Amino acid sequence: MSTYRKPVSNTWWLERKPYFFFVIREFTSLFVAGYCLFLLVFIAKAGDSQDAYTTLVFSLKSPISIVLHLISFIFILYHAITWFNLTPKIMVLHLGEERIPNILIAGGVYLGWGIVSLIISWLILGG
Amino acid sequence: MATGGTYLWKRRVSVSETVELEIFRYCPEKDTTPLFKSYEVPFREDWVVLDAINYIKDEIDGTLSYRWSCRMGVCGSCGMMVNGVPKLACAAFLKDYPSGKIRVEPLQGFPVERDLIFEMDDFMNKLTEVKPYILRKEGEEKPIEEGEYLQSPAELAHYKQYTLCINCMLCYAACPIYALDSSFLGPAAIALAQRYNLDSRDQGRNQRQEVIASHEGIWECTFVGECSVVCPKNVDPAAAIQRAKVSSTLDWFKEKIIPWSKEK
Amino acid sequence: MVKSNEPVLWLLFSAGGMISAMVFPILLIITGIILPFDLAGEVTFERIHNAVKNPVVKLVLFFVISLPFFHWAHRFRFTLVDIGLKPVSFLISLLCYGSAITGTLVAAFILWRI
Chain A
1283 MSTYRKPVSN TWWLERKPYF FFVIREFTSL FVAGYCLFLL VFIAKAGDSQ
1333 DAYTTLVFSL KSPISIVLHL ISFIFILYHA ITWFNLTPKI MVLHLGEERI
1383 PNILIAGGVY LGWGIVSLII SWLILGG
Chain B
-17 MATGGTYLWK RRVSVSETVE LEIFRYCPEK DTTPLFKSYE VPFREDWVVL
33 DAINYIKDEI DGTLSYRWSC RMGVCGSCGM MVNGVPKLAC AAFLKDYPSG
83 KIRVEPLQGF PVERDLIFEM DDFMNKLTEV KPYILRKEGE EKPIEEGEYL
133 QSPAELAHYK QYTLCINCML CYAACPIYAL DSSFLGPAAI ALAQRYNLDS
183 RDQGRNQRQE VIASHEGIWE CTFVGECSVV CPKNVDPAAA IQRAKVSSTL
233 DWFKEKIIPW SKEK
Chain C
1231 MVKSNEPVLW LLFSAGGMIS AMVFPILLII TGIILPFDLA GEVTFERIHN
1281 AVKNPVVKLV LFFVISLPFF HWAHRFRFTL VDIGLKPVSF LISLLCYGSA
1331 ITGTLVAAFI LWRI
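Just so you know, the sequences run in chain order A, B and C.
Counting along the first sequence from 1, when you hit position 71 you're at 1353 in the numbering used here, and nothing is skipped either side.
Counting along the second sequence from 1, when you hit position 80 you're at 62 in the numbering used here, and nothing is skipped either side.
Counting along the third sequence from 1, when you hit position 26 you're at 1256 in the numbering used here, and nothing is skipped either side.
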């Protein structure tokens, strides 16, 4: 008597919304890598001459740069938010019998994110 | 709400209220390929998919085969795909499907024996592989005369969530990794391992690591998270797996950086 | 006992994920609009130049770039395998982690030269 195995297609992730958003979440890593490459260029120019750096910053005003930054920002923001929201699942802390509520842990991570962002802004931009 | 009624002068007149169930049928003696059969079932406010299927079996088509038992969400027998989502048939209310069409298939990821009945041998094997019992270290087994291993409520709280699994396998059906590769240990088995690993009376974590920290274990998981979403008991196997990744990583470093602390 | 390399790769992935989540959004805002359009007053070349020459900053930048590379490598490798490229999974691992290692070396080289 033979059993039946339903074949799984390579487009399984298009069949249900949660799977689709999961793959989107995973593809944010491409934008992470892309921005790493950009940062390398930026740092290389910043360590080079005034001309090299100024040329780069000027090119950041172009529509292409703005659009790429915007798209990357959206995807990397999605990465950040999904990442922070999943942190309470990994960091399970107990106080006696009670488990520290997920929202406190997530809140802590988001607060840390805000503080880190402010510190970075202050370090780079000054004032 | 599903209705078989008509509109007369803008006032809805219900003639009959039915729901259509499209059910996966596979009869290995007769068919080589499965097919879907549609059944018209009465709509009742308080009916679940299991009630509809029982009605079909009793009144329409006695050849329909499926598993069920407690009909109240504690036995884990009636897991099925309802409109593409793994659900307990006894927990899926007809009224939650306003389109009036419900597609019922056997749980994804498992070989189908007949109709809605699938082979769960792989799952049962995996449960035993993780050694789901209290393990004590050599020489630390307490003799019966000394009484029970004591445990405080706080210690119980650490693993209680993982004891709630009813082995319904909805998590395996929701996991795309398991669907693609059935060698993956899977959510319920790993959650079960964690149930013992986090139990203060247990000392067997290292023994379970052979299976848990293998390539077919936790490292195949990519934290899709759907297993926890479909779990009817809020066991949260996804979290159990990620926590196991953290502890396994710490283990790995301890082993490499402090090799003399290795214990069997 | 434990699978040989996965824990290390996962740790790199986690660290890179946390770093990119915490730090990249604000950096994107800075390099995307604040710096090009002088929205925070004039940030001189000297300021940025001296910052990247600082050895502590260089060390931080090294990790800020290298770890997210490994985050991408690990995540992208699994995604490609799940989308159907399981038969060539070894090649994918090689390409992904190889690229991350290359990126790390390039970052080290660039930072060293400044």
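Since the hints were derived computationally from the structure, they do not count as laboratory data.
Predicted, not measured: the structure shown is a model, and the values here were computed from it.
Among the hints, a few may not be true.
Reference listing, derived: stretches of chain C covered by chain A, where coverage requires no fewer than 3 residues with Cβ under 8 Å from a Cβ of chain A [said to hold, decoys possible]:
1) 1318 to 1328
2) 1333 to 1344
Keeping only pairs whose Cα atoms sit at most 25 Å apart, straight-line, the calculated DMTMM-like set for lysine to aspartate or glutamate is [unchecked claim]:
3) 83/B - 137/B
4) 1288/A - 27/B
5) 1371/A - 101/B
6) 113/B - 97/B
7) 1288/A - 101/B
8) 83/B - -1/B
9) 39/B - 27/B
10) 1288/A - 137/B
11) 1288/C - 1330/A
12) 19/B - 1330/A
13) 1299/A - 137/B
14) 77/B - 1297/A
15) 83/B - 2/B
16) 113/B - 198/B
17) 1371/A - 198/B
18) 1283/C - 1272/C
19) 1299/A - 163/B
20) 77/B - 27/B
21) 124/B - 101/B
22) 77/B - 127/B
23) 77/B - 33/B
24) 83/B - 1330/A
25) 1343/A - 1333/A
26) 1288/A - 233/B
Simulated restraints, written as ranges between beta carbons of each label pair [what the hints assert, rightly or not]:
27) 1316/C - 99/B: 24 to 30 Å
28) 239/B - 1367/A: 31 to 37 Å
29) 1321/C - 1400/A: 40 to 46 Å
30) 1288/A - 120/B: 44 to 50 Å
31) 189/B - 1235/C: 52 to 58 Å
32) 1306/A - 240/B: 36 to 42 Å
33) 239/B - 1408/A: 48 to 54 Å
34) 1318/C - 1341/A: 33 to 39 Å
35) 232/B - 1363/A: 39 to 45 Å
36) 1367/A - 1319/C: 25 to 31 Å
Each residue gets a CB set at the ideal place from its N, CA and C atoms; glycine is no exception.
Going through the hints against the structure:
{"no.": "1", "hint": "1318 to 1328", "result": "violated (count 0)"}
{"no.": "2", "hint": "1333 to 1344", "result": "holds (count 7)"}
{"no.": "3", "hint": "83/B - 137/B", "result": "47 Å, violated"}
{"no.": "4", "hint": "1288/A - 27/B", "result": "33 Å, violated"}
{"no.": "5", "hint": "1371/A - 101/B", "result": "32 Å, violated"}
{"no.": "6", "hint": "113/B - 97/B", "result": "32 Å, violated"}
{"no.": "7", "hint": "1288/A - 101/B", "result": "13 Å, holds"}
{"no.": "8", "hint": "83/B - -1/B", "result": "12 Å, holds"}
{"no.": "9", "hint": "39/B - 27/B", "result": "20 Å, holds"}
{"no.": "10", "hint": "1288/A - 137/B", "result": "43 Å, violated"}
{"no.": "11", "hint": "1288/C - 1330/A", "result": "14 Å, holds"}
{"no.": "12", "hint": "19/B - 1330/A", "result": "72 Å, violated"}
{"no.": "13", "hint": "1299/A - 137/B", "result": "38 Å, violated"}
{"no.": "14", "hint": "77/B - 1297/A", "result": "23 Å, holds"}
{"no.": "15", "hint": "83/B - 2/B", "result": "5 Å, holds"}
{"no.": "16", "hint": "113/B - 198/B", "result": "16 Å, holds"}
{"no.": "17", "hint": "1371/A - 198/B", "result": "22 Å, holds"}
{"no.": "18", "hint": "1283/C - 1272/C", "result": "20 Å, holds"}
{"no.": "19", "hint": "1299/A - 163/B", "result": "21 Å, holds"}
{"no.": "20", "hint": "77/B - 27/B", "result": "6 Å, holds"}
{"no.": "21", "hint": "124/B - 101/B", "result": "39 Å, violated"}
{"no.": "22", "hint": "77/B - 127/B", "result": "56 Å, violated"}
{"no.": "23", "hint": "77/B - 33/B", "result": "12 Å, holds"}
{"no.": "24", "hint": "83/B - 1330/A", "result": "66 Å, violated"}
{"no.": "25", "hint": "1343/A - 1333/A", "result": "16 Å, holds"}
{"no.": "26", "hint": "1288/A - 233/B", "result": "39 Å, violated"}
{"no.": "27", "hint": "1316/C - 99/B: 24 to 30 Å", "result": "29 Å, holds"}
{"no.": "28", "hint": "239/B - 1367/A: 31 to 37 Å", "result": "32 Å, holds"}
{"no.": "29", "hint": "1321/C - 1400/A: 40 to 46 Å", "result": "43 Å, holds"}
{"no.": "30", "hint": "1288/A - 120/B: 44 to 50 Å", "result": "46 Å, holds"}
{"no.": "31", "hint": "189/B - 1235/C: 52 to 58 Å", "result": "22 Å, violated"}
{"no.": "32", "hint": "1306/A - 240/B: 36 to 42 Å", "result": "41 Å, holds"}
{"no.": "33", "hint": "239/B - 1408/A: 48 to 54 Å", "result": "41 Å, violated"}
{"no.": "34", "hint": "1318/C - 1341/A: 33 to 39 Å", "result": "37 Å, holds"}
{"no.": "35", "hint": "232/B - 1363/A: 39 to 45 Å", "result": "27 Å, violated"}
{"no.": "36", "hint": "1367/A - 1319/C: 25 to 31 Å", "result": "29 Å, holds"}
The structure fails to meet hints 1, 3, 4, 5, 6, 10, 12, 13, 21, 22, 24, 26, 31, 33, 35 from the earlier list, while all remaining hints are met.
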